[in-house]
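> Listed here are the chains, written in short residue letters.
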Amino acid sequence: MDIIKCYDIFKAFGDQNVLNGVNLNIPKGKITVVMGASGGGKSVFLKHLIGLLKPDQGRILIDGNDITRLGRRELMEIRSRFGVLFQGGALFDSMNVYDNIAFPLREKTTLSLKQIADKVKELLEQLKLTGMGDKFPDEISGGMKKRVALARALIMDPEIIFFDEPVAGLDPIMMWNIFGLIKSTHEQKKYTAVIVSHDIPHIFSIAEYVAMLHKGKIVACGQPDEVISSPLKEVQSFINAEKWHNNQVEYEKN
Amino acid sequence: MGFKRALKLMDIKEKEPNKNNKLISYLMRFNIFIAMGLEKTGTMALGLFGDVGRVQVFLHLSIIGIFKGLRIRKVMEQAYYIGSKSTVIILFTGLFTGMVLGLQGYYGLRRVGSEGMLGALVALSLIRELGPVIGSLMITGRAGSAMAAELGTMKITEQLDALESMAIDPIHFLVTPRLVASLIVIPLLIAIFIVVGLAGSYLIGVKLLGINPGIYIHEMEKSIVFKDIYHFLIKSEIFAITITLISSYKGYHCGHGAMGVGKAITQSVVYSSVLILIWDYILTSMMM
Ligand SMILES: Nc1ncnc2c1ncn2[C@@H]1O[C@H](COP(=O)(O)OP(=O)(O)OP(=O)(O)O)[C@@H](O)[C@H]1O
Ligand SMILES: [Mg+2]
Numbered sequence: 000m001d002i003i004k005c006y007d008i009f010k011a012f013g014d015q016n017v018l019n020g021v022n023l024n025i026p027k028g029k030i031t032v033v034m035g036a037s038g039g040g041k042s043v044f045l046k047h048l049i050g051l052l053k054p055d056q057g058r059i060l061i062d063g064n065d066i067t068r069l070g071r072r073e074l075m076e077i078r079s080r081f082g083v084l085f086q087g088g089a090l091f092d093s094m095n096v097y098d099n100i101a102f103p104l105r106e107k108t109t110l111s112l113k114q115i116a117d118k119v120k121e122l123l124e125q126l127k128l129t130g131m132g133d134k135f136p137d138e139i140s141g142g143m144k145k146r147v148a149l150a151r152a153l154i155m156d157p158e159i160i161f162f163d164e165p166v167a168g169l170d171p172i173m174m175w176n177i178f179g180l181i182k183s184t185h186e187q188k189k190y191t192a193v194i195v196s197h198d199i200p201h202i203f204s205i206a207e208y209v210a211m212l213h214k215g216k217i218v219a220c221g222q223p224d225e226v227i228s229s230p231l232k233e234v235q236s237f238i239n240a241e242k243w244h245n246n247q248v249e250y251e252k253n
Numbered sequence: 000m001g002f003k004r005a006l007k008l009m010d011i012k013e014k015e016p017n018k019n020n021k022l023i024s025y026l027m028r029f030n031i032f033i034a035m036g037l038e039k040t041g042t043m044a045l046g047l048f049g050d051v052g053r054v055q056v057f058l059h060l061s062i063i064g065i066f067k068g069l070r071i072r073k074v075m076e077q078a079y080y081i082g083s084k085s086t087v088i089i090l091f092t093g094l095f096t097g098m099v100l101g102l103q104g105y106y107g108l109r110r111v112g113s114e115g116m117l118g119a120l121v122a123l124s125l126i127r128e129l130g131p132v133i134g135s136l137m138i139t140g141r142a143g144s145a146m147a148a149e150l151g152t153m154k155i156t157e158q159l160d161a162l163e164s165m166a167i168d169p170i171h172f173l174v175t176p177r178l179v180a181s182l183i184v185i186p187l188l189i190a191i192f193i194v195v196g197l198a199g200s201y202l203i204g205v206k207l208l209g210i211n212p213g214i215y216i217h218e219m220e221k222s223i224v225f226k227d228i229y230h231f232l233i234k235s236e237i238f239a240i241t242i243t244l245i246s247s248y249k250g251y252h253c254g255h256g257a258m259g260v261g262k263a264i265t266q267s268v269v270y271s272s273v274l275i276l277i278w279d280y281i282l283t284s285m286m287m
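If you're matching them up, the sequences are chains A and B in order.
So the first sequence is residues 0 to 253, counted in numbering that gives the first Met the number 0.
So the second sequence is residues 0 to 287, counted in numbering that gives the first Met the number 0.
Since the hints were derived computationally from the structure, they do not count as laboratory data.
A few of these clues could be false.
Below, a list of computed lysine to aspartate or glutamate pairs in the EDC-like style, where the Cα atoms sit at most 20 angstroms apart [claimed, not checked]: (1) A:Lys134 x A:Asp98; (2) A:Lys144 x B:Asp160; (3) A:Lys182 x A:Glu124; (4) A:Lys189 x A:Asp156; (5) A:Lys27 x A:Glu207; (6) B:Lys226 x B:Glu236; (7) B:Lys67 x A:Asp7; (8) A:Lys216 x A:Asp14; (9) A:Lys107 x B:Glu236; (10) A:Lys107 x A:Glu158; (11) A:Lys4 x A:Asp98; (12) A:Lys53 x B:Glu157; (13) A:Lys27 x A:Asp1; (14) A:Lys214 x A:Glu233; (15) A:Lys127 x A:Glu73; (16) A:Lys216 x A:Asp7; (17) B:Lys67 x A:Glu76; (18) A:Lys107 x B:Asp160; (19) B:Lys73 x A:Glu106; (20) B:Lys67 x A:Glu73; (21) A:Lys53 x B:Glu76; (22) A:Lys53 x B:Asp168; (23) A:Lys232 x A:Asp198; (24) B:Lys73 x A:Asp98; (25) A:Lys144 x B:Glu157; (26) B:Lys73 x A:Asp92.
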């Protein structure tokens with residue numbers, strides 16, 4: 000069962016073609032990883048799925064609704080089922096960490112202050128952010144910002160969560176911690192996760208479905224082992240970048 | 000841009016059953032009036048706006064937001080913010096405007112031998128003209144620029160996108176409370192400006208230049224009619240809308256990086272100021 004279906008998405012900024020006909024189906028209730036080169040259009044693709052960018056051409060169906068054609072109100076309805084972790088965090092810089100995480104609950108639910116506080120505290124603990132609630136986003140480290148943004152994306156227990164580089168810039172311990180958190184919350188809540196990441200090979204440990212975006216197209220997608228064993232040069236050079244790089248150096252030497 | 004098209008853009012059906020329907024449609028017509036004013040003054044006279052239609056939709060959305068549930072707390076916050084930012088400057092500029100009016104007015108009136116009219120002259124010019132205009136210009140510089148800066152920063156750091164992604168309409172969430180707060184606070188600030196200005200001119204006229212205080216006050220009281228207050232109210236409210244709308248629009252659609260925010264701030268102050276003066280002329284000539 001595919002919850003998100005993309006048909007032939009094209010997007011250009013000026014004369015730069017970023018997406019050149021992306022076709023991808025994202026299975027419901029699974030962790031899907033989209034990988035690809037830096038600057039390859041992964042964040043742009045993700046923003047299309049959230050409806051923040053409109054494709055020049057193509058359709059994006061979420062549960063059968065074409066979000067490129069929806070009115071504002073319907074789009075908002077669909078978005079209320081989303082959680083999004085932006086690559087840059089996009090934390091509200093005039094609110095402290097606690098308020099940032101509690102924000103969606105306050106705005107979108109009728110939970111009591113106590114219930115909100117409990118939920119936020121639990122997440123803060125899981126993300127090793129205890130005691131940071133009073134700090135403002137410009138007073139915490141880059142990795143902490145990422146975790147706060149992650150907490151904000153998770154707090155509503157949404158049906159679909161988009162993670163743009165959830166572990167970039169974190170130390171290995173924290174990285175595994177985040178992977179563990181995503182995995183365990185996913186097992187509990189069975190949400191659909193769309194993760195953009197280049198943390199190869201670690202990301203394969205949580206991926207259930209993998210897609211590779213290359214030059215604005217999905218060149219390979221499927222189960223992780225299928226993609227890993229794909230014969231395509233683009234995929235292999237990406238996954239086994241170190242080997243490829245060394246071979247290249249050898250080749251140039253000779 | 001036509002009424003129908005604006006509605007379509009906003010994804011609102013005209014015949015939507017809603018108890019506020021009549022009020023909304025009335026307000027929309029009012030918006031279109033404002034937007035047309037902006038359009039005329041903006042594009043014809045100065046070419047200020049590339050996209051007046053978007054400004055109009057922006058105004059619609061922020062006014063519609065009032066009916067989608069107004070957050071009183073946010074309005075209060077903004078009211079406090081705008082008020083606290085601008086009070087001091089309003090006090091100072093008001094006082095000195097009144098004082099210089101007192102001096103200049105006295106000098107002019109003495110030539111025709113009617114210094115006693117000073118109170119009336121100062122009060123009329125402050126209430127009908129200088130209070131709303133200078134007051135609004137000061138508020139633009141203080142609170143309007145801050146609004147543009149805040150929204151612009153939120154835009155470039157993807158905070159507006161984050162709101163969108165949480166199914167929160169940024170215009171409803173950010174602009175509507177600012178608009179309502181401005182509608183309440185800016186007339187009050189301008190009223191303070193006028194009162195302080197009157198005190199300043201009293202100080203100069205009566206205490207320094209020796210006009211009889213009884214005559215001063217009497218002439219002043221006699222000359223002010225309700226229509227003058229009406230001028231003051233209409234002008235302050237329209238200037239309040241102009242300041243909020245232009246500042247938040249410019250912030251909301253700001254360009255790239257720190258420079259984009261800087262440009263948005265400058266533009267919001269320049270455009271608001273110019274529009275305030277143009278509006279002032281149009282409104283004065285309409286209400287004469
Ligand atoms: N708003 C925009 N306007 C113009 N060009 C853009 C815009 N957003 C992205 N681009 C361009 O699109 C291309 C893809 O950007 P994107 O951010 O999607 O890359 P990415 O795959 O997420 O890279 P990374 O892994 O480094 O985050 C880049 O070349 C970028 O310059
Ligand atoms: Mg990216």
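> Look at each hint and say if it fits the structure.
So, going through the hints one by one against the coordinates:
Straight-line distance between C-alpha atoms of lysine 134 (chain A) and aspartate 98 (chain A) comes to about 10 angstroms, which keeps the hinted pair within the 20 angstroms bound. Straight-line distance between C-alpha atoms of lysine 144 (chain A) and aspartate 160 (chain B) comes to about 17 angstroms, which keeps the hinted pair within the 20 angstroms bound. Restraint check: the Cα-Cα separation between lysine 182 (chain A) and glutamate 124 (chain A) comes to about 17 angstroms, which is no more than 20 angstroms; the hinted pair holds. For the given pair, lysine 189 (chain A) sits about 10 angstroms from aspartate 156 (chain A) by alpha-carbon distance, which is consistent with the 20 angstroms threshold.
With a CA separation close to 11 angstroms, the supplied pair lysine 27 (chain A) and glutamate 207 (chain A) stays within the 20 angstroms bound. In summary, the hint linking lysine 226 (chain B) to glutamate 236 (chain B) is supported, as the alpha carbons are separated by about 15 angstroms, within the 20 angstroms threshold. Of the pairs offered as hints, the one joining lysine 67 (chain B) and aspartate 7 (chain A) is violated, with about 36 angstroms between alpha carbons and a cut-off of 20 angstroms exceeded. Distance restraint check for lysine 216 (chain A) and aspartate 14 (chain A): the Cα-Cα separation of roughly 17 angstroms lies within the 20 angstroms cut-off, and the hinted pair is therefore satisfied.
Between the alpha carbons of lysine 107 (chain A) and glutamate 236 (chain B) the distance comes to roughly 32 angstroms, so the proposed pair goes past 20 angstroms and is violated. Between the alpha carbons of lysine 107 (chain A) and glutamate 158 (chain A) the distance comes to roughly 15 angstroms, so the proposed pair stays at or under 20 angstroms and holds. Among the hinted pairs, lysine 4 (chain A) with aspartate 98 (chain A) is inconsistent with the structure: their alpha-carbon atoms are about 34 angstroms apart, more than 20 angstroms. About 16 angstroms separates the Cα atoms of lysine 53 (chain A) and glutamate 157 (chain B), which keeps this hinted pair within 20 angstroms; it holds.
A threshold of 20 angstroms between alpha carbons decides the hint, and for lysine 27 (chain A) with aspartate 1 (chain A) the separation of about 5 angstroms falls inside it, so the pair holds. Distance check on the hinted pair: lysine 214 (chain A) and glutamate 233 (chain A) sit about 10 angstroms apart at the alpha-carbon level, within 20 angstroms; holds. For the given pair, lysine 127 (chain A) sits about 37 angstroms from glutamate 73 (chain A) by alpha-carbon distance, which is inconsistent with the 20 angstroms threshold. As the CA atoms of lysine 216 (chain A) and aspartate 7 (chain A) are separated by approximately 9 angstroms, the hinted pair is consistent with the 20 angstroms bound.
Taking the CA atoms of lysine 67 (chain B) and glutamate 76 (chain A), the gap is near 15 angstroms; set against the 20 angstroms cutoff, the hint holds. At roughly 17 angstroms between alpha-carbon atoms, lysine 107 (chain A) and aspartate 160 (chain B) fall within 20 angstroms of each other, so this suggested pair holds. Under the criterion of a C-alpha separation no larger than 20 angstroms, the hint pairing lysine 73 (chain B) with glutamate 106 (chain A) is consistent with the structure, at around 12 angstroms. The suggested pairing of lysine 67 (chain B) with glutamate 73 (chain A) holds, with an alpha-carbon distance near 15 angstroms, which does not exceed 20 angstroms.
With a C-alpha separation of about 34 angstroms, the suggested pair lysine 53 (chain A) and glutamate 76 (chain B) falls outside the 20 angstroms cut-off, and the hint is violated. The suggested pairing of lysine 53 (chain A) with aspartate 168 (chain B) holds, with an alpha-carbon distance near 17 angstroms, which does not exceed 20 angstroms. Taken as a hint, the lysine 232 (chain A) and aspartate 198 (chain A) pair is honoured in the structure, with Cα atoms around 19 angstroms apart against an allowance of 20 angstroms. A hinted pair counts as satisfied when its Cα atoms are at most 20 angstroms apart, and lysine 73 (chain B) with aspartate 98 (chain A) qualifies at roughly 15 angstroms.
This hinted pair checks out: lysine 144 (chain A) and glutamate 157 (chain B) have alpha carbons roughly 14 angstroms apart, not beyond 20 angstroms. Between lysine 73 (chain B) and aspartate 92 (chain A) the alpha-carbon distance is near 17 angstroms, which keeps this suggested pair within the 20 angstroms criterion.
In summary, the structure is inconsistent with hints 7, 9, 11, 15, 21 from the numbered list given earlier, while agreeing with the others.
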